[in-house]
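*Asks:* In the numbering used here, the protein residues as written are 40 to 173.
No wet-lab data here; the hints were simulated from the structure. The reader is advised that the hints may include incorrect statements.
To be verified - No farther apart than 20 Å at their CA atoms in a straight line, the calculated lysine to any residue pairs in the SDA-like style are these: (1) K93 / E53; (2) K165 / Q45; (3) K66 / Q124; (4) K107 / L60; (5) K66 / R96; (6) K93 / N169; (7) K121 / G109; (8) K93 / P159; (9) K71 / S100; (10) K93 / V152; (11) K93 / P43; (12) K121 / D86; (13) K165 / G92.
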Amino acid sequence: MDDPVQFLLDLGFEEAGSWVLTDKLLKCQLTKHASECQILYAFVSQDQVLYIGKSVRSLRSRLYGYEKPGPTQRTNIAGNEKLRQLLGTIPSVRILALVVSEPVVFRGVPLNVAAGLEDPLISRLKPPWNRVGV
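Build out the structure end to end from the sequences listed, making use of the hints.
*Replies:* Structure, rendered in structure tokens:
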């Protein structure tokens, strides 16, 4: 794919904030969609999609897990380490988010679009921080 970041933007992802290191602490600076739930998000550096994830909780709550991961939260611990390592070489990592505001219903059953898009987007874009085989 020529431009995976543009592909996400064309799908409806929007700039939602960025990751930075402040006094050696990982900080999420959200500028948009912080309180949105059932959201799909991506971490992006330059023209590369690094990670795609979803959350049924608010975006702020989900990303806080990367800032301060618990001892058994493997995904959060790995994300924290990768972000901190990358932010040692660049000033920030972009956060994109997809919010689906209109409900999607299949035969009377409401669908979580973020959950439905996560696996196909990972398969198509192959972000390096997502686990292989997803």
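*Asks:* Given the proposed pairing of K66 with R96, does the C-alpha separation stay at or below 20 Å?
*Replies:* Cα-Cα ~19 Å, so holds.
*Asks:* Are the Cα positions of K121 and G109 separated by 20 Å at most?
*Replies:* holds, 16 Å
*Asks:* K66 and Q124: Cα distance at most 20 Å?
*Replies:* holds, 13 Å
*Asks:* Are the Cα atoms of K93 and E53 separated by 20 Å or less?
*Replies:* Answer holds: K93 to E53 is near 15 Å, not above 20 Å.
*Asks:* Hinted pair, alpha-carbon criterion (20 Å max): K107, L60. Please report holds or violated.
*Replies:* Holds, at about 13 Å.
*Asks:* Is it true that the CA of K93 sits at most 20 Å from the CA of N169?
*Replies:* holds, 12 Å
*Asks:* Between K71 and S100, does the CA-CA distance stay at or below 20 Å?
*Replies:* Cα-Cα ~13 Å, so holds.
*Asks:* Going straight from one Cα to the other, do K121 and D86 come out at no more than 20 Å?
*Replies:* holds, 17 Å
*Asks:* Given the hint that K93 pairs with V152, does the C-alpha gap stay at or below 20 Å?
*Replies:* holds, 10 Å
*Asks:* Check the hint pairing K93 with P159 against an upper bound of 20 Å on the C-alpha distance.
*Replies:* holds, 12 Å
*Asks:* Under the criterion that the straight-line Cα-Cα distance not exceed 20 Å, is the pair K165, Q45 satisfied?
*Replies:* holds, 15 Å
*Asks:* Does P43 lie within 20 Å of K93 when you go C-alpha to C-alpha?
*Replies:* holds, 18 Å
Violation of the numbered hints given earlier is absent; every hint is satisfied by the structure.
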